[in-house]
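J.: From first to last, the protein sequence lines stand for chains H and U. Heads up, the first sequence is in the working numbering, so the first residue is 641 and it goes up one at a time. Heads up, the second sequence is in the working numbering, so the first residue is 9 and it goes up one at a time.
Hints were generated in silico from the structure; no laboratory data involved. Since the structure is predicted, the reported quantities are computational estimates derived from the model, not experimental observations. All residues carry an ideal CB built from backbone N, CA and C; glycine is no exception. Among these hints, one or two may not hold up.
Said to hold, decoys possible - Simulated crosslink set (EDC-like; lysine to aspartate or glutamate; CA at most 16 Å straight-line):
| id | chain 1 | residue 1 | chain 2 | residue 2 |
| --- | --- | --- | --- | --- |
| 1 | U | LYS28 | H | ASP805 |
| 2 | U | LYS28 | H | ASP702 |
| 3 | U | LYS10 | U | GLU66 |
| 4 | U | LYS28 | H | GLU682 |
| 5 | U | LYS31 | H | ASP805 |
| 6 | U | LYS28 | U | GLU65 |
| 7 | U | LYS10 | U | GLU65 |
| 8 | U | LYS10 | U | ASP57 |
| 9 | U | LYS38 | U | ASP57 |
| 10 | U | LYS38 | H | GLU682 |
| 11 | H | LYS829 | H | GLU862 |
| 12 | U | LYS31 | U | ASP57 |
As the list claims (entries may be wrong) - Computed list of chain U residues with no C-beta within reach of chain H, every gap over 12 Å:
| id | residue |
| --- | --- |
| 13 | GLY13 |
| 14 | LYS28 |
| 15 | ALA33 |
| 16 | LEU35 |
| 17 | GLN62 |
| 18 | GLU66 |
| 19 | ARG69 |
To be verified - Stretches of chain H that chain U covers, calculated by requiring three or more beta carbons in the stretch to come under 8 Å of a beta carbon on chain U:
| id | stretch |
| --- | --- |
| 20 | 665–678 |
| 21 | 868–877 |
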Amino acid sequence: MIYLDHAATSWPKPPEVIRAMVDLLERAGGNPGRSGHRLSIEAGRIVYAAREAVAEFFGAPDPMRVVFTANVTTALNLALRGLLRPGDRVVTSSIEHNSVMRPLRALERQGVRLTVVPCAADGRLDPGALARAVEPGTRLVVLNHASNVMGTILPVAEAATIAHDAGALLLVDAAQTAGVLPIHIMALKIDLLAFTGHKGLQGPPGTGGLVIAPWVDVTTLEPLVRGGTGSRSEFEEQPDLLPDKYESGTANSVGIAGLGAGVRFVQERGVEAIRAHELELARTLYDGLAGLPEVTVYGPPDAALRTGTVSFTVAGRQVSEFGLRLDEEYNILCRVGLHCAPAAHRTLGTFPQGTVRLAVGLGTTLAEVHTTLQAVERIIRA
Amino acid sequence: MKVYGVVLFYTTSAALKAEKVLKAAGLEIKLIPTPRQLSSDCGMALRFDWPLAQTIEETLRAAQVEHAGVRQL
C-alpha cells in the first residue's frame, strides 16, 4: 500500500508515539493536574513535558503559552472568535481552509469587517497586495502557512512585518507545515500559531494547540470554553492564568502523550532533513505529472515554494475516478475533491470539481512516487 | 520532629514546571495535594524540608517559575 494522504493525517505513526499513548493509559491514568495523587501527578508530568517539547519546537520561550486544543480548527476558532469583535478589521488570503473561512464568515455576519486578498492562480500571495489590504488599525491578519490543496507556501515572515506595521496581530495556520517546514515564532515574529498534532508532528488525531508569543496581551483573548481547570476552584469566574484560561475540562492526556513523543521524534529526525526529503519527492511527483500532456498540475513549479502536497486534474476526467482507481487497482491512497477549501479551489479555477491530491510524508519513498506516476499514467491511457 | 514547607502555585502547569526545575537542581521535593488550610488555587503543592526554603525560592526565581507563596507546614 502506498499512503499519499499525509496532508489529511500522517500514517503510520512512529512506534514511539503509540508506546507513549499506551504507557499513559497503563501507567499514568489519573486526571492530569486535578487530584494530587501519584497517577494524577504522573499524567500531569507527561502533559507538561509535551507542553515544553512543543514550546521548544516552535521557539516559544514560555511553555505556559502553549495551549492544547482538540485540533487546529479549535485553536483557530479560539484565536478568531476570542480576539475579533464587531467593527474589527481582519485580513486573510483567498486560499484558506474552511477552518478559517467559516469562523470568519460567521464573524462577518456579527459585524467583523473581513477582507480576502486574492492569491495568484498558483496560490502565491503577493506581499504588496497584502500590505495594501492591511490598513492601519486592522486587528488581525490570518494566513495559511501553506495550502492544504496544492502546497503553496505563503510569505508569513513578510506578513508579520506588514501586520505589525499596521498595529495588527498575525495568526498563522500551521496545519500543513508544523513538522514539515522550520517554524520559529520568535524569528518569524508570529503572534499566534495554530498547529495540529496529527500531521507533520506525527501525533494522534485529537491533538493540536495555539502557541501565543510572549508579547501578545491575552487579556483581550477570550476563551472559547469555560469550566474546570483544577485551579482557583473557589471562584465561579474563569481564571486569567495561562494555560488554564484556555484549557477547561479534562485534557486529552493520552493524545498529548503521543503528541509529545511525536514532537521529540520529529526533532530527532530534524525538520530540515524531513523537508529536504519531502521536497525531493514532491519535485519528482510534480514534474512527472506535469510531463503528462492531459494533466494540469497546480501550484508554483518551483518545489521550494511548495510543501509535499501536489494537486492535479486530468482533462475530461473526474477526479473521483482517480481516487477510486488509485485505491482499488493500485493500492494508492489519496484524497480527491475540495479538501474543505472551496476558496483555494476557486483561486486555482478547480471549483467545484476539485483536484486529485497526492501528499507525501516522511516515510514516503522515491520508488513509491515513481509507482504512483506510472499508475496515474495507466489510468489516463486506459 | 521534621518541619516541612510547601510551595503554593496558581496552576498545576507551574507546579509541574517547578518540580522539574527543582529536581534538576538536585533538591529533594515532593508534589502533594495542596493542604486545604493554605490555599485552593491549585490542587498540587511542592513539599520540602523547611531548611531548604531559601534555596528553593532562589532556584524558582532564577528559573522564572511563578508561584503563589512559600509556607511552613
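J.: Next step is simple, just say for each hint if it's right about the structure.
T.: Now the hints, each set against the structure:
1. U:LYS28 to H:ASP805: The hint is violated at about 39 Å.
2. U:LYS28 to H:ASP702: Holds: LYS28 (chain U) and ASP702 (chain H) sit about 15 Å apart, inside 16 Å.
3. U:LYS10 to U:GLU66: At roughly 22 Å apart (the allowed maximum being 16 Å), GLU66 (chain U) and LYS10 (chain U) break the hint.
4. U:LYS28 to H:GLU682: holds (12 Å)
5. U:LYS31 to H:ASP805: Violated: LYS31 (chain U) and ASP805 (chain H) sit about 44 Å apart, past 16 Å.
6. U:LYS28 to U:GLU65: Holds, because 14 Å separates the two Cα atoms, which is no more than 16 Å.
7. U:LYS10 to U:GLU65: Violated, at roughly 20 Å.
8. U:LYS10 to U:ASP57: Measuring from Cα to Cα gives roughly 8 Å; hence the hint holds.
9. U:LYS38 to U:ASP57: Holds, at about 10 Å.
10. U:LYS38 to H:GLU682: holds (12 Å)
11. H:LYS829 to H:GLU862: violated (22 Å)
12. U:LYS31 to U:ASP57: Given that 16 Å is the threshold and the Cα spacing comes to 14 Å, the pair holds.
13. GLY13: Holds, because the least Cβ-Cβ distance between GLY13 (chain U) and chain H comes to about 17 Å, which exceeds 12 Å.
14. LYS28: It is violated; LYS28 (chain U) is separated from chain H by about 7 Å at its closest Cβ, not greater than 12 Å.
15. ALA33: Consistent with the label, ALA33 (chain U) stays out of reach of chain H, its closest Cβ about 16 Å off (over 12 Å).
16. LEU35: The assertion about LEU35 (chain U) holds, with a minimum of 17 Å to chain H.
17. GLN62: Its Cβ never comes within 12 Å of chain H, the nearest being 25 Å, so this holds.
18. GLU66: holds (20 Å)
19. ARG69: holds (16 Å)
20. 665–678: It holds: at least three residues are needed, and the stretch 665–678 of chain H offers 6 whose Cβ sits within less than 8 Å of chain U.
21. 868–877: holds (count 6)
In this structure, the earlier hints numbered 1, 3, 5, 7, 11 and 14 are contradicted, and the remaining ones agree with it.
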